[in-house]
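Asks: Build the complex from these two chains, which are given one at a time in their own frames, with help from the hints.
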Amino acid sequence: MTTTPIKFYQVGSFAVGNRLLSEEDRSIQSDPNRTNALTSGHRACQGCGEALGARYALDAAMRACNDQVIAVNATGCLEVFSTPYPESSWRIPWLHSLFGNAPAVATGVAAAMKAKGRTDVRVVGQGGDGATVDIGFGALSGMFERNDDVLYICYDNEAYMNTGVQRSGATPPAARTATTQAVGSAPGNVFGQGKNLPRIAMAHEIPYVATASVADLRDLEAKVTKAMSFRGARYIHVLVPCPLGWGSASCDTIKIARLATQSGLFPVFEAESGEVTSSTPIRKKVDVEEYLKLQLRYAHLFSPTRNDAVINHLQEMADKNIRRYNLLNQSSES
Amino acid sequence: MLKQIEGSKAIADTVAACRPEVICAYPISPQTHIVEGLSAIVKAGKLAKCEFINVESEFAAMSVAIGASAAGARAYTATASQGLLYMVEAVYNAAGLGLPIVMTVANRAIGGPINIWNDHSDSMSQRDSGWIQMYAETNQEAADLHVQAFAIAERLSLPIMVCMDGFILTHAYEQIDVPEQELVDKYLPTFNPRQILDPADPVSIGAMVGPEAFTEVKYMSHMKNLQALTVIPEESEKFAQVFNRDSGGLVRPYKMQEARNVVIALGSVLGTIKDVVDEMIHDGYSIGVLGLTTFRPFPFEAVREALTAAHNVFIVEKAFQLGVGGIVTENVRSSLRGTATHDQTLIAGLGGRPITKQSLRTYFEAAIDGRVEELTFLDLDKDLAERELLKEKVGL
Chain A
1017 MTTTPIKFYQ VGSFAVGNRL LSEEDRSIQS DPNRTNALTS GHRACQGCGE ALGARYALDA
1077 AMRACNDQVI AVNATGCLEV FSTPYPESSW RIPWLHSLFG NAPAVATGVA AAMKAKGRTD
1137 VRVVGQGGDG ATVDIGFGAL SGMFERNDDV LYICYDNEAY MNTGVQRSGA TPPAARTATT
1197 QAVGSAPGNV FGQGKNLPRI AMAHEIPYVA TASVADLRDL EAKVTKAMSF RGARYIHVLV
1257 PCPLGWGSAS CDTIKIARLA TQSGLFPVFE AESGEVTSST PIRKKVDVEE YLKLQLRYAH
1317 LFSPTRNDAV INHLQEMADK NIRRYNLLNQ SSES
Chain C
61 MLKQIEGSKA IADTVAACRP EVICAYPISP QTHIVEGLSA IVKAGKLAKC EFINVESEFA
121 AMSVAIGASA AGARAYTATA SQGLLYMVEA VYNAAGLGLP IVMTVANRAI GGPINIWNDH
181 SDSMSQRDSG WIQMYAETNQ EAADLHVQAF AIAERLSLPI MVCMDGFILT HAYEQIDVPE
241 QELVDKYLPT FNPRQILDPA DPVSIGAMVG PEAFTEVKYM SHMKNLQALT VIPEESEKFA
301 QVFNRDSGGL VRPYKMQEAR NVVIALGSVL GTIKDVVDEM IHDGYSIGVL GLTTFRPFPF
361 EAVREALTAA HNVFIVEKAF QLGVGGIVTE NVRSSLRGTA THDQTLIAGL GGRPITKQSL
421 RTYFEAAIDG RVEELTFLDL DKDLAERELL KEKVGL
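Quick mapping for you: the protein sequence lines, in order, are chains A and C.
Positions in the first sequence are counted from 1; adding 1016 to them yields my numbering.
Positions in the second sequence are counted from 1; adding 60 to them yields my numbering.
Chain C extracted, bound-state conformation (with noise of 0.2 angstroms):
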């Protein structure tokens, strides 16, 4: 059923339709209202079964989230920006212990300097943390994927984020299916830890692995969050069968047919790429969008599949490595391997500056007429920056 409500309280609501048994968490915005929600869920009693636990950090957080998913609770936390990088520690330990945590990130930038806003700088920095990554367009396909998530999660033992852009996607009230408890009741089944800590049958969990071994214990992480490139499609496939509506997956092409252009890009900013594509393709341009949903692990085949008709690709991004320049432009790129289309990196939305269809469009002609860089900051004001960087006499 269609409510108008905010983003977060929709999460709330899902992640409580999940029937988690340990939340723990920390507040940081833009995350706030997710825990809040779910703290007044558990404190009224309407979630049988489950502890909250107001923690002391971030790094708490998810320290009570590894201690109950080894214990074989469903667990669940959320977190944001500097709280992400306070728990990095924990996350990392996480996936090397192979719990299936889900987690949400309510995507901000990172500082310094300080920022409250939106980008995808936080999550990024986790991509190579062993955890499952998908990033929502929507408000709904936040909430779908949380179910999905707690599925795909236990399925591969593994810990997943659900990423959502911080503020315009948790904060923005609009209408969203929440869904219920029948159904998710009905697709998610219970949980099925592949080992508890129970006195019952002793195990040791954490073990000091030394040099013999550590490689063997890499490559197998390795092998098994490949796996989840297999298990999340047939999830939403599962889910649409019971919800009746299409979200998860991989990569989700958005009028490819033929396209000569491509624009990549994941999380809110492909609502207004669609936009802008939709007037370019009335006014005579061949474009068109690939969304990755999933971004860890990087689904390479499925992105080399979508792209094989492309020209160039332009890959927005709302993240970038310092010195360096587009991180999924490198995933990217490797799907491309040997092939001719042309790759060119848009940065932008950095620190929640909104991204506007007018910039967009500018943009993509241009870079259509080839008359960008291989590296573009949307919207920057290179003269303020030049001046500045003059200022500093970097001794060039």
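Next comes chain A alone, as it looks inside the complex (with noise of 0.2 angstroms):
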């Protein structure tokens, strides 16, 4: 297994941390004739990490083909806040179908370059959680399983935000949504449930699957440029907090995704084929408790009383990814 090599900058993108840097180590967001997939003037809330996520994967992905990229849009908040008729925030083209069916218009839209010798178009679908894990489920597995050139971006903010925070397939234990309230004998979201979408991606054997966060953006970026250097079906799990559905400060969406990965419980990794080449290490390993007290949609597992059963409930999961993906020491193992 390889390891990702870590730069100290990659805490700063547009900010202090670009100015420090020499011209050439600067972040490519930096420079004004970047590209720029989705401009600003968007209606994301505050502190979005979907806007964050989707800006920086679909400029990395144009980057890596020449500009030569089609967008296919999942219905959900990316697409409704992107492109309020008569405005549109997309420079690249752009098609938004249906909420369960973007991966196989992406197929369309891949098959439709391929006929007409267009080869050099490639095509990038995305979505939130729900559209991915749930409601598009069959519709990615089909795309994978056929093995068809399409780079998918799953945007996983970890339930349904745009229709007022209700529960996905990819909502985590004990966390609260509109549809697994904080209330009864065991309040939020069940223990044992939920689909773990990388893993399920990986089990089609397709050429690439990464996952990624906002809070490492050059991480994501490399991992987009990456995926586009292969042909065929990919994925791209990015975990993009909602200040809204989490119950989060806006000006915490990077330190939230940070802490979820440096606790484990969102391990950073990529597999080829189905098998791990890579995993993200932990920097500074932090318990999930100091993840979860950011978050009101974790409120309840501290007030009025401590639950330490389902904390350390959730602390096991981040342990075992920890133990599974190999997020620490591996400096000394190899």
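Since the hints were derived computationally from the structure, they do not count as laboratory data.
Everything hinted at is true.
Covered stretches of chain C, going by a simulated chain A footprint (3 or more residues, C-beta under 8 angstroms):
#1 80–88
#2 109–115
#3 141–153
#4 265–275
Which residues of chain C face chain A? A few of them, derived with a C-beta cut under 10 angstroms, are:
#5 Ala120
#6 Met122
#7 Ser123
#8 Ile256
#9 Asp261
#10 Pro262
C-beta: ideal position from N, C-alpha, C; glycine also.
Replies: Set out below in structure tokens:
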């Protein structure tokens, strides 16, 4: 297993970090001539992880294939906030059809490009976790199984945020949503349910699967770039905190995304043809509690009384990820 | 050139001659032979620049067609029955986005109870979807309509369903003049899409439209849909010039000169009806037939004009609205508004029940004598049904 080298300036993108760096080390996002798939002026909430993740992912995809990108979007926040008719924030050809069919529509676009001999044009399908793990799951699995030349990106904010924060198949245990309220003997979402889509994608043995987070945008860019170097079905699962749905401060989006990875709750890794090829080591391990405490959706675990059983259960999940993906002490092993 | 060939095979060969660029399909009886045929044609490399996608559901089939069509490719799929219902959300979406997809519907009943045989309840359920709907009387017409369908759809940038009776047509072997490549190329222009997804000229398709513009968008769709009433006869005429045979159009009158009684129907049952009508004319009855080739948009004017001399119309339908009655009837009735023409509805052939000449003649004779109710179910075992209804004790 190889490791992803960590660069010290990863904390910054457009801010202080860049200005301290030499020209060639600066993030492309600080270049005024950079590609710009998703421009400003859209209607995402303050601190929206999805808007940030989508912009970096699509920009990286554009750079990787000479701007020859077509995006296919599932219904959801990203679609709604980016294209309130007659406005559009997209500077790439963009198609939205339905909630549950983005992977199949992307297949159709890719097939059209192949039929027309435009194999230089690449297709990116995208949607939230509801569109991906629930309603569009069949279409996604079909696209994977046929190994269609589509990169599908899931922006996972762990519930149906656009409709008002209802539980999805990607909602973590204990999280409070509008349909898993913090009431009763086991408040919040139940344990032992839900889908781990990166692993399901790997089971299809598609060329490339990766997870990423908006806490590490350079890593997200690198993974999109790598994904674009493959032909066939590819899948990237990006954790994108949602201040509204998670009950967190808008200014904490990146911090929370980082705590998710540093606690082990959200493992960051890559896989090729069904095998894990690398994982990003945890730099400074934190207890899950640090992650949970910043979000009102977990408030019932701490107030009025602390629920150690559930917190420990969540810690066990994080520890399992750490073991499974070898997220600690990688250098001493190699 | 006439060939003894299965209806489905003829459709596969015809669609291939239209040079589709993306074909996607999910198997469902009785559509299966069409896509099997196309799959073989593509696999054998006989159709250059065409992608055949084996999808995991009908919902995906229509979705792939949507993506392909939006990207500027000529897209085709086929379905039937539950398959059509499974793709409904995408069916409406394709119409809303104005994508000229051509889809064969090999008509079959809708469950439950599950039934795999022919009637029109599948495509009739989609009459308000914004798709153009044409119904083939024969396999020859089914083949010809497919060629015209690509032209009509692409001229209007609207999707179109070519409906052909499942099994009765799809699985029948008969003499068909499969449209020849040379003539199809002469008739059918290259697809010139209204808009495409092109990185050189980015567009956003499928934006969120709010209350401030939704009515206008829908009104425009309605008006565009109505343009089909002009385009369809034009394409029928153009087709006749190239292929030297008559097919398509809005309505097909048969022996209607001054007929007091007119039977209205769509699809393959018109053949049986014409046989019965021939015999009845021979026996001195004043009766004719009006076949509806185009059902959506509904050709109100053409129907009204054709029925000027009619005193009674008998509408034979292979589907109905539960709790209401005839579907075609309501549209015919709108055409006849303000006239004295009387209409009666015969629901026939549900779930594949054979529509026999004898039963039809008995009904027509009774209807002419004024001895039928406004809504009749052909060959219904009423005693049995009433007995069972009593058992259920509906509390009336």
